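Given the coordinates of chain A, work out where chain B should sit on it, guided by the hints.
Chain order of the listed sequences is A and B.
Under the numbering used here, the first residue of the first sequence is numbered 1, with each subsequent residue one higher.
Under the numbering used here, the first residue of the second sequence is numbered 1001, with each subsequent residue one higher.
FYI, nobody ran anything at the bench for these hints, they're computed from the structure.
Keep in mind that a hint or two might mislead.
[To be verified] In silico BS3-like links for lysine-lysine, alpha-carbon gap of 30 Å or less: (1) A:Lys146 with B:Lys1026; (2) A:Lys64 with B:Lys1139; (3) B:Lys1030 with A:Lys117; (4) B:Lys1176 with B:Lys1064; (5) A:Lys4 with A:Lys146; (6) A:Lys16 with B:Lys1140; (7) A:Lys23 with B:Lys1284; (8) B:Lys1016 with A:Lys64; (9) A:Lys104 with B:Lys1016; (10) B:Lys1146 with A:Lys64; (11) A:Lys176 with B:Lys1064.
[As the list claims (entries may be wrong)] Computed footprint of chain B on chain A, listed as stretches where at least three residues anywhere in the stretch have a Cβ under 8 Å from a Cβ of chain B: (12) 64-70; (13) 96-105.
[Stated by the list, open to error] Partial pick of chain B residues on the chain A-facing surface, computed with a CB cut under 7 Å: (14) Thr1017; (15) Pro1018; (16) Ala1062; (17) Thr1069; (18) Gly1083; (19) Gly1086; (20) Tyr1087; (21) Glu1095; (22) Asp1168; (23) Glu1171; (24) Ile1174; (25) His1183; (26) Ile1193; (27) Val1205; (28) Thr1305.
Bear in mind that the values here come from a model prediction, so they are computed numbers and not experimental data.
Positions of the beta carbon are idealized from the N, C-alpha and C atoms, including for glycine.
Each chain is listed here by its residues.
There are 2 protein chains.
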Amino acid sequence: MKDKIVVALGGNALGKTPEEQLKLVKDTAKPIVDLIQHGHQVVLAHGNGPQVGMINLAMDLASKTPDATPEMPFPECGAMSQGYIGYHLQNAIREELLSRSIDKHVATVVTQVIVDKDDSAFQNPTKPIGAFYTEEESKKLIAEKKYVMVEDAGRGYRRVVPSPLPIDVAEKEIVKTLVDNDHIVITVGGGGIPVVVEGNQLIGVPAVIDKDFASAKIAEILDADYLIILTAVEKVAINFGKENEKWLEKLTLDEAEQYIQEGHFAPGSMLPKVRAAMMFAGSKKGRKALITSLEKAEDGIEGRTGTLIVNE
Amino acid sequence: MKDKIVVALGGNALGKTPEEQLKLVKDTAKPIVDLIQHGHQVVLAHGNGPQVGMINLAMDLASKTPDATPEMPFPECGAMSQGYIGYHLQNAIREELLSRSIDKHVATVVTQVIVDKDDSAFQNPTKPIGAFYTEEESKKLIAEKKYVMVEDAGRGYRRVVPSPLPIDVAEKEIVKTLVDNDHIVITVGGGGIPVVVEGNQLIGVPAVIDKDFASAKIAEILDADYLIILTAVEKVAINFGKENEKWLEKLTLDEAEQYIQEGHFAPGSMLPKVRAAMMFAGSKKGRKALITSLEKAEDGIEGRTGTLIVNE
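Bound conformation, chain A alone:
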């Protein structure tokens, strides 16, 4: 047995329609199965931005037609997106395993991620979701549904939801059992269905958990060796796009923190990835986080590329 690796895949890498997704998951499956073929244990997490956006928008639109399907809360849309993405992803991985005669099994676990109801993010919702509304419609939604609405770059008004930090994974024992039995698991899709604890209950909340943070959390729970955060570039850079741009090979937690303080990483883009990588690497000595592209994942694990964040 080599390393236990949690791979965090971006939702944007999965396309905007079912046809696109069905094609793109095949490209995704190859580098993932490369890791498996080299003896690594892989757990796959993924984003769902475009997909849950599409489902939420469709449910919103359909609820306003004369046939009026029921309004669908946001956490339920997230649960749907886990089924939708998981189905395609597990299928593509299954096919790639079979075509290489690797006798392993893969499945998606519908996964809830627990957040703290006192997380300060709930006071400051920032993630836009769903349809665009007119000012008038927006005022109505604020009054009737207590939505928080923001004006979005002249395109109209959109609902915003908070992005709290993950504190636990409700289905962690299920995921552990599957990983311990050498199965390939797709979990915390879209950062997980966001829930808060109320006594013995888990209550779904309209929120978006960053999928890189959720991946760091499940990696920590599973005692993984590596967290790989996939992105569009092979390495993280400082002075990105400038003359003195420099691609980074290895960063200690202190160096990463310093670069963050110097403002090198864009919020909503590279910053949360670096933060999630630091969160995992910082959780225990020896844990490593790698930020690289899907195609370079295998090379990265073998130390030939990517940006490694280490706890030294």
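Okay, now just chain B, sitting in the frame of chain A:
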């Protein structure tokens, strides 16, 4: 360890809206957790008729609005329904377990069920799904999308899809591992996402697999002791609704077949349940299928009520 039991729950028992479902799963969880508390290993399967119908309709409607979300194939809608229903169901069971201090874990596996592409059902689609259309729209769908459309009791035209028999469960090794490790699994939701085998690939097909047949199949694969098919009544009857109505306690396969031939069970209602029960009981000596109501499941397993179909 007592019995390994697959419980097949009806989709109608889960309501028509997310609010209804969230309430109804709590009622469902209690008798399920009763079985668990008495030492049985439980695997839960469920229907998705109203839920996948709602999702499919919403996707159809939204794709025709000016904002036009992508058209969503039927198997993908099924995958979404597994996430949607599984999320609520696993949560309700988790809560019931916790409130009884039972240290067990539950999760939903996104599950594909394999059907035979040469199944004769593909020549004769019978299951209506999605929206109602005018005759003109219907003709267009037949021409453009090769849908099979039927006139539905004066309410307009609807698409019909085939209902092939399940031959295998793609994620069976995952489900087996979880059951062997004493976890509670929700699987083959809505009869499973219907797929056919093409080389190393599984291809989603627009079809509805009867959830009782899919439950019988996973029960067979898991070498379960019991299949419990839940329905609205406590027992199966012959001469149902007539003066000489008789509630049945126990049926051999031969007796069940005879009653079927005599036309005692309504197609689309009790008939497929009896057939699914016979399929499981007939698959190996000693396997038993019980048809009863949710509330009576525990009593039924203890031999006090329900209709038992046995292989003697």
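Cross-check of the supplied hints:
1. A:Lys146 with B:Lys1026: 27 Å, holds
2. A:Lys64 with B:Lys1139: 26 Å, holds
3. B:Lys1030 with A:Lys117: 27 Å, holds
4. B:Lys1176 with B:Lys1064: It is violated: about 42 Å lies between the C-alpha atoms, which goes past 30 Å.
5. A:Lys4 with A:Lys146: Outside the cut-off at roughly 43 Å; violated.
6. A:Lys16 with B:Lys1140: 26 Å, holds
7. A:Lys23 with B:Lys1284: Violated, at about 42 Å.
8. B:Lys1016 with A:Lys64: 17 Å, holds
9. A:Lys104 with B:Lys1016: Judged against 30 Å, a Cα distance of about 38 Å means the pair is violated.
10. B:Lys1146 with A:Lys64: Satisfied, since the Cα-Cα distance of roughly 29 Å is no more than 30 Å.
11. A:Lys176 with B:Lys1064: It is violated: about 43 Å lies between the C-alpha atoms, which goes past 30 Å.
12. 64-70: Contact hint for the region 64-70 of chain A vs chain B: holds, 4 residues under 8 Å.
13. 96-105: Since three or more residues must qualify, the claim that chain B covers the region 96-105 of chain A holds, with 3 doing so at under 8 Å.
14. Thr1017: 4 Å, holds
15. Pro1018: Because about 5 Å separates B:Pro1018 from the closest Cβ in chain A, which is inside the 7 Å limit, the hint holds.
16. Ala1062: 4 Å, holds
17. Thr1069: 4 Å, holds
18. Gly1083: For B:Gly1083, the interface hint holds, since the closest Cβ of chain A sits about 3 Å away, which is under 7 Å.
19. Gly1086: 4 Å, holds
20. Tyr1087: With a minimum Cβ separation of about 4 Å from chain A (threshold 7 Å), the hint on B:Tyr1087 holds.
21. Glu1095: 5 Å, holds
22. Asp1168: 13 Å, violated
23. Glu1171: B:Glu1171 check passes; min Cβ-Cβ to chain A is 4 Å, inside 7 Å.
24. Ile1174: 4 Å, holds
25. His1183: 6 Å, holds
26. Ile1193: Holds. Min distance 6 Å.
27. Val1205: For B:Val1205, the interface hint is violated, since the closest Cβ of chain A sits about 13 Å away, which is over 7 Å.
28. Thr1305: Hint on B:Thr1305: violated, closest Cβ of chain A at ~30 Å, above 7 Å.
In the structure shown, a violation is registered for the earlier hints numbered 4, 5, 7, 9, 11, 22, 27, 28, in ascending order.
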